[in-house]
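Fit chain B to the supplied structure of chain A, relying on the hints for placement.
2 protein chains.
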Amino acid sequence: MFSRIVTHIRKHVSISAEEEAILTSALELRDIKKKEFLLEAGEVCRENYFINQGCFRLYLITPKGNEQVIQFGIEDWWITEYFSLKTGAPSQYYLQATENAEVVVLKRHLEDELFARIPQLERYFRLVLEKAYSAQLNRIHYIFNLTGEEQYRMMSQKYPEFVQRIPQYMLASFLGITPEFLSMLRSKKD
Amino acid sequence: MFSRIVTHIRKHVSISAEEEAILTSALELRDIKKKEFLLEAGEVCRENYFINQGCFRLYLITPKGNEQVIQFGIEDWWITEYFSLKTGAPSQYYLQATENAEVVVLKRHLEDELFARIPQLERYFRLVLEKAYSAQLNRIHYIFNLTGEEQYRMMSQKYPEFVQRIPQYMLASFLGITPEFLSMLRSKKD
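Chain order of the listed sequences is A and B.
The numbering of the first sequence is our numbering, which starts it at 1 and goes up by one.
The numbering of the second sequence is our numbering, which starts it at 1 and goes up by one.
Bound-form chain A, shown alone (with noise of 0.2 Å):
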């Protein structure tokens, strides 16, 4: 269903019944199986999704084969690999739902039109960039000066139930410390 996405958006700029039917028909829904990806490295990433619900990661594979986790994205958010989508070079990244899941698909080729049809979608894009740009500028910020420990607690008390429904080894993989390091921090806190 595009309830949701029709919701969110309308949180943010005001569009018409007629643009959202535009909107809906230029929109595909499509079911996730948890572990399934909807983008690889090595691949040219050409959709962006609006999680109408579950979970997925944004990770890469480290030159020492290790996960290593950039985004988690839960309902309600917009992921993609944008330096991907915008280039059209292939991504370095892996996109995968951690549990069952079902998104909007916006295919990049039907962006131009759409965006020309319902102009207000310029600026609910530009709304929700702003917010997700300035997340990731606070994620640097505590990457560097909280420690694993320290994010863990904070993650813990603003996101108790996100922290709850992710498999404990690719928050380790979030947070840079061992999934050994984060069972202990776990069992400190029960």
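I should point out that these hints are in silico values taken from the structure, not numbers from a laboratory.
One or more of the hints may lead you astray.
Because identical chains share one entry, a pair is satisfied inside a single copy or across any pair of copies.
[Stated by the list, open to error] Dumping the calculated SDA-like pairs for lysine to any residue here, alpha-carbon to alpha-carbon at most 20 Å: (1) Lys188 with Ser3; (2) Lys86 with Leu127; (3) Lys107 with Ser3; (4) Lys64 with Glu150; (5) Lys33 with Thr7; (6) Lys86 with Gln136; (7) Lys35 with Asn100; (8) Lys64 with Ala41; (9) Lys34 with Asn100; (10) Lys131 with Trp77; (11) Lys131 with Trp78; (12) Lys33 with Asn138.
Coordinates of chain B only, in the frame set by chain A:
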């Protein structure tokens, strides 16, 4: 002068001569001396800045009293503290000129009216933000996966002029290494 920003906007979107006049009448030019602040921690950020000339750094003071550079900006980049700008919360960051500089100021309280009168600006800022956001995700990737030395080598190769114009201790702070170690890396190269 506003010629640089108008050129930059026209690289991304079309605006008419009339729209250009509306835009430039809402903007302001400001000269900033080296080491002067556009924003200090504790203040609310109320402006967005297009860099006409010069270099800026966004940084914070860590609990241990060190400066941590989160971001640099040079000519043709926008720089601000979006979280404070959008939420009205006091900023944790400092935004300071590292050279004598000139910026074009877009005041927050003029933004909505300006964007309503020149809808193409929504698209322009969406495109600018997509690029900035994607650069931050890459930065997170580098912080986790490259050593300070590897990041320095990469920056020296990709942005040699930029590396030259930044004071050494600020570049070290951006890379998460000590000024002494950066000095050693630089002398190794020469």
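Structure-based check of all given hints:
no. : hint              : verdict
1   : Lys188 with Ser3  : neither (42 Å within a copy, 59 Å between copies)
2   : Lys86 with Leu127 : both (18 Å within a copy, 9 Å between copies)
3   : Lys107 with Ser3  : within (19 Å within a copy, 35 Å between copies)
4   : Lys64 with Glu150 : between (26 Å within a copy, 15 Å between copies)
5   : Lys33 with Thr7   : neither (25 Å within a copy, 46 Å between copies)
6   : Lys86 with Gln136 : both (19 Å within a copy, 15 Å between copies)
7   : Lys35 with Asn100 : within (8 Å within a copy, 51 Å between copies)
8   : Lys64 with Ala41  : within (16 Å within a copy, 39 Å between copies)
9   : Lys34 with Asn100 : within (4 Å within a copy, 53 Å between copies)
10  : Lys131 with Trp77 : both (10 Å within a copy, 18 Å between copies)
11  : Lys131 with Trp78 : both (11 Å within a copy, 15 Å between copies)
12  : Lys33 with Asn138 : neither (31 Å within a copy, 27 Å between copies)
Checked against the numbered hints listed earlier, the structure breaks hints 1, 5, 12; every other hint is satisfied.
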